[in-house]
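Following the hints, complete the assembly by docking chain B onto the known chain A.
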Amino acid sequence: MAGATIWKGNIHFRNMDVPVKLHSAVREERIQFHLLHKPDQVKLRQQMICAYEKKPVPAEEQTKGFEVEDGKYIVIDAEELEQAVPEGNRMIEVHEFVKTEQIDPIFLDRVYYLEPGTTGIQGKEYSVLVRAMQEMDVQGICTWTMRKRSYLGALQASGKVLRLNTLRYADEVIPVESLGLQIVALSEKELKIGSDLINQMTGAFEPRKFENEHQKKLQDMIEKKARGENIAILAPRRLKPTESDQLLQVLEASLKKVA
Amino acid sequence: MAVQGIWSGTISFSLVAIPVRLVKAIEPGRVSFHLLHSKDYSRLSQRMFCPEEKTMVSQDEIIRGYEIVPNKFILMTDEELESVSPERSRTIEIVEFIDVKEVDPIYYDHPYYLVPSKGGEKAYQLLVEVMRRTNKAGLAKFVLAEREYLVAIKSRDGALEMTTLHYSDEILPDEDISPKKETIAAEEESRITKSIEQMIEDFNAAKYADGRRKKLMDLLETKAKDQAPVEAPAVEEEEGEGPADLVAALEESMRKVKESR
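Residue numbers (numbering that gives the first Met the number 0), protein chains in the order written: chain A, 0 to 258; chain B, 0 to 260.
Just so you know, the hints here were simulated from the structure itself, not pulled from any lab data. We put the beta carbon where it would ideally sit given N, CA and C, even for glycine. One or more hints might be untrue.
[What the hints assert, rightly or not] Stretch by stretch, here's where chain B covers chain A in the computed footprint (C-beta under 8 Å, at least three residues):
1) 20-31
2) 42-53
3) 130-136
4) 171-178
5) 197-206
6) 211-223
7) 238-246
Next comes chain A alone, as it looks inside the complex:
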């Protein structure tokens, strides 16, 4: 089952208004650890610490500043920032439609399911929209305000339902250029054998094949420790890096192995 209804609104573009309800689409269940203080095993909390006083600062004494030059700030309080956020009007406004392949997945953030908000004629429009978007292979780039925050998102059609995927802003993605990668010359032969190897190792994407095996093992270890049993410390497997001058040989050996 999809998660509980989080929010209600209308998808809007041109003269269309399609009421929808937002549901979460993903649920993660994981073993939760607490961070403790070693000497006394007290649960630690994250706190904002003042760099000058070296003391924790309560929320009401926190404010935001824009650094104009080193150590000098224009102070902006939460209310003023709020003015920069558009009014919450429960409208998911679609500004444009774009071809699905144009959206780099690096921008995809959180995904929600959209349930039709009403039945009857308006409920029908939902299905028509799903069908049209699927046949055209497009997504709607939209903005909306939810819980006093403005969002950018992509409206997507999948199966019979609409999804709303929030998008990261372009300036939040760290550009590859800043990583300072070196360019190393590769021979056509290395590239050819490398490509052959990858093609040999290619299969269909079947996410169900992959289970979180670690979770169960971690649970076992916790139980062992709870019973006071000793835990064998195993060194992590470390692979010996392939030497640059042996890359071609290793690729050839790999290809022979998988073929």
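Below, chain B alone, put in the same frame as chain A:
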């Protein structure tokens, strides 16, 4: 720019092993706002804090604990955690490659970059280039701290991008929110198709980022006109988590242990 690593190890496919570091690919966009203390305009930083002792706690004084009953913990050291799946804690082994287009985007969680460590540059670039040519992504599982991640490794602008994926059992079914089967009249569909067609543009991610930035800059400009900037007090450089600190932290924790006896 030196990029700070989150993790280091090797990425492998078949017999090829490449030493790499994991670095972040996303810088949450707060458009350069900093959190300040409203009393003295000093910068705030997030730290772990012991509520009992009312002190900041350094990294080496922190340990993970699993709460079996309220306030009773099973402690887990980093070494023990690495022992849970030792074959995956320092190795990202690509077990197969897939066609990038086959991945339903609902699986994508969080992107990172992998950068080559010394000596790994050539094999790194080979993997980048052949995945670009074949438009393939590698699938692997690896363990970081207490979590095992399913990841997709792709080629992006000459770098390896590693995106964590949701496990399939974490994706909720959508049948219960699906509309009932409806007959769709051809004319209704063509009306919506026409509206969409008129609104088709090329995707330009920068456009929306610029719009948001401009709005904030306008607000800041207005503020700057009627208010002089405030100045943060000078602060001595904070000591790093170097060896000197470690000795101090150890002595401190020894003292605490003695006191509590």
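Status of each hint after checking the structure:
Counting residues of the region 20-31 of chain A whose C-beta lies closer than 8 Å to any C-beta of chain B gives 11; at least three are required, and the coverage claim holds. Counting residues of the region 42-53 of chain A whose beta carbon lies closer than 8 Å to any beta carbon of chain B gives 12, which reaches the threshold of three, so the coverage claim holds. Counting residues of the region 130-136 of chain A whose C-beta lies closer than 8 Å to any C-beta of chain B gives 5; at least three are required, and the coverage claim holds. Residue count for the region 171-178 of chain A with a Cβ under 8 Å from a Cβ of chain B: 8. That meets the three needed, and the coverage hint holds.
Residue count for the region 197-206 of chain A with a Cβ under 8 Å from a Cβ of chain B: 8. That meets the three needed, and the coverage hint holds. Counting residues of the region 211-223 of chain A whose CB lies closer than 8 Å to any CB of chain B gives 8, which reaches the minimum of 3, so the coverage claim holds. For the region 238-246 of chain A, the stated coverage by chain B is satisfied: 7 residues place a CB nearer than 8 Å to a CB of that chain, which reaches the threshold of 3.
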